[in-house]
Amino acid sequence: MPLNPKWQVADENEFLLRSWDDEFVVYNGATGDTHLLGLVAAQVMLKLQQTPTDAVSLAEWVAPLQQIEPDDEFVLFIEQILTNFDSLGIIEHSRL
Amino acid sequence: MNVSALTPSELRSRLKEAGIFLQIGAFVIHVKTSIRSVAEGIGLLYADYPLAEDVGFADFHVRLISPGNLRRWFRPQVLFSFDGRIPFKPLPLDQAFPMLEWGMNWCVSGHAHQYLILHAAVMEKQGGSVIMPAPPGAGKSTLCAALVNREWRLLSDELALIDKADNALVPLCRPVSLKNESIHVIRKFEPDAVLGREVRDTMKGTVAHMKPPAESVAQRHVTARPAWIVFPKYQPGAPTRLEPQPKARAFMHMVESAFNYSLLGPQGFQMMANLVDACDCYEFTYSNLDEAVAVFADLKLPAP
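Same order as they appear, the protein sequences are chains A and B. Residue numbering for the first sequence follows our numbering, starting at 1 and increasing by one per position. Residue numbering for the second sequence follows our numbering, starting at 97 and increasing by one per position.
Bound-form chain A, shown alone (with noise of 0.2 Å):
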């Protein structure tokens, strides 16, 4: 596996969201579960849905939105939010 693995939304998942203030709902047709997610978490699975893309660059991506530097720390913070949708199904290793 490489050092720094793109991600992607599992294949097979549908998603419905809603947003209040900066805290959204996604619910996963797929699975039938419903998250509670933070924006940086929306952000980062909306990004996915478009786009395989590593954690690294979606720290790259993220930060500026929330106008801070994706240092070390931040790319681990994503690096947690890729783990927790990894275990809850909804994202997957990207073959690309």
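If you're looking for bench data, these hints aren't it; they were derived computationally from the structure. None of these values were measured; they are calculated from a predicted model. Do not take every clue at face value.
Example chain A residues on the side facing chain B (calculated, C-beta under 8 Å, incomplete) [to be verified]: (1) A10; (2) E12; (3) R18; (4) W20; (5) F24; (6) G32; (7) T34; (8) L36; (9) L96.
Each computed SDA-like pair below joins lysine to any residue, with the alpha-carbon atoms no more than 25 Å apart [to be verified]: (10) B:K329 x A:L36; (11) B:K221 x B:S353; (12) B:K260 x A:N4; (13) B:K128 x A:H35; (14) B:K260 x A:E14; (15) B:K128 x B:R181; (16) B:K260 x A:K47; (17) A:K47 x B:P362; (18) A:K47 x B:Q366.
The C-beta atom is built at its ideal place from N, Cα and C for all residues, glycine as well.
Position chain B relative to chain A; hints supplied.
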């Protein structure tokens, strides 16, 4: 004709023979039993409900049966029958009326999937409804009983029914289930409240049911607009406190309170989201009922 038009002996006789068809909001429930305490409970607490004898149809057919085995001589029991099936274990005969109430809740929550169903009390005042989801012991029914004795209309003490077509709240106005200390609290709060017999040693402790206000029963077909979602929490000695709840978090709490959210799939998600969208959401801590009622009286309708 209302239940109150029957004498106690006529009611007992009807219940024993053909049963009665109770019109409870959107549902007709056919109840048949020869158990005296059930007849007494219906006679007292359902007095204002119309009998739907000529409809010839019931959504649910329920019977309360006292088994004719040896147990009838010692520790007599009661069975709840639904459409000819026995879904629960028997309970002591003394608990027959509470079992009817619990059984009717089960009938609706387990079968009426034309609605999104939440475990929540619902009350309405001046065009706005408050939905109060809560786990057991949170003081939901006590607060509900207090509010409906202070000009709020009772839609339901236990089950919020949300219409798929327009997200309106559909009444299921039935007696309010009070437990343990809350029985005494409500007797003291509203001495004119009509309560049924106290039944001890049930799985919920001592229970008694409060008769719903006649005006609420009369409006049993009038749907209501959701305006507030309030998560109540009774805390002895706590100051009265109403705090806004972020909507996404309210959504997740509502999902936990729903009976059939998962069953409804994407439609359930959209309905729940529309409901949360339409409401102001709060956490509410209380210990004093008068103060609690005053807070609810000051709720302002959300902007459309």
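For each hint, the structure was consulted:
1. The interface hint given for A:A10 is broken, as the beta carbon of that residue sits about 17 Å from the closest beta carbon of chain B, more than 8 Å.
2. Hint on A:E12 is violated. Least Cβ distance to chain B is approximately 14 Å, over the 8 Å limit.
3. Hint status for A:R18 relative to chain B: holds, with the closest Cβ pair at about 4 Å, below 8 Å.
4. The beta carbon of A:W20 is positioned within 8 Å of a beta carbon in chain B (closest approach about 4 Å), and the interface hint is therefore held.
5. Restraint check, A:F24 versus chain B: the minimum CB separation of about 6 Å is within 8 Å; hint holds.
6. Against a cut-off of 8 Å between C-beta atoms, the interface hint on A:G32 holds, since the closest Cβ of chain B lies about 5 Å away.
7. Because the smallest distance between the Cβ of A:T34 and any Cβ of chain B comes to about 6 Å, under 8 Å, the interface hint for this residue holds.
8. Interface restraint check: A:L36 against chain B, minimum CB-CB distance 5 Å, threshold 8 Å, status holds.
9. Violation of the interface hint for A:L96 is found here, the shortest Cβ-Cβ separation to chain B being roughly 29 Å, above the 8 Å cut-off.
10. With a CA separation close to 23 Å, the supplied pair B:K329 and A:L36 stays within the 25 Å bound.
11. Only pairs whose Cα atoms come within 25 Å are accepted, and B:K221 paired with B:S353 is accepted, the gap being roughly 23 Å.
12. Under the criterion of a C-alpha separation no larger than 25 Å, the hint pairing B:K260 with A:N4 is inconsistent with the structure, at around 46 Å.
13. With a C-alpha separation of about 45 Å, the suggested pairing of B:K128 with A:H35 is violated against the 25 Å cut-off.
14. Between B:K260 and A:E14 the CA atoms are separated by roughly 22 Å; this keeps the pair inside 25 Å, and the hint holds.
15. Among the hinted pairs, B:K128 with B:R181 is consistent with the structure: their alpha-carbon atoms are about 14 Å apart, no more than 25 Å.
16. At roughly 32 Å between alpha-carbon atoms, B:K260 and A:K47 are farther apart than 25 Å, so this suggested pair is violated.
17. For the suggested pair A:K47 and B:P362, the alpha carbons sit about 22 Å apart, so the restraint of at most 25 Å is met.
18. Proximity of A:K47 to B:Q366 is assessed by CA-CA distance (about 23 Å); at most 25 Å being required, the pair is judged to hold.
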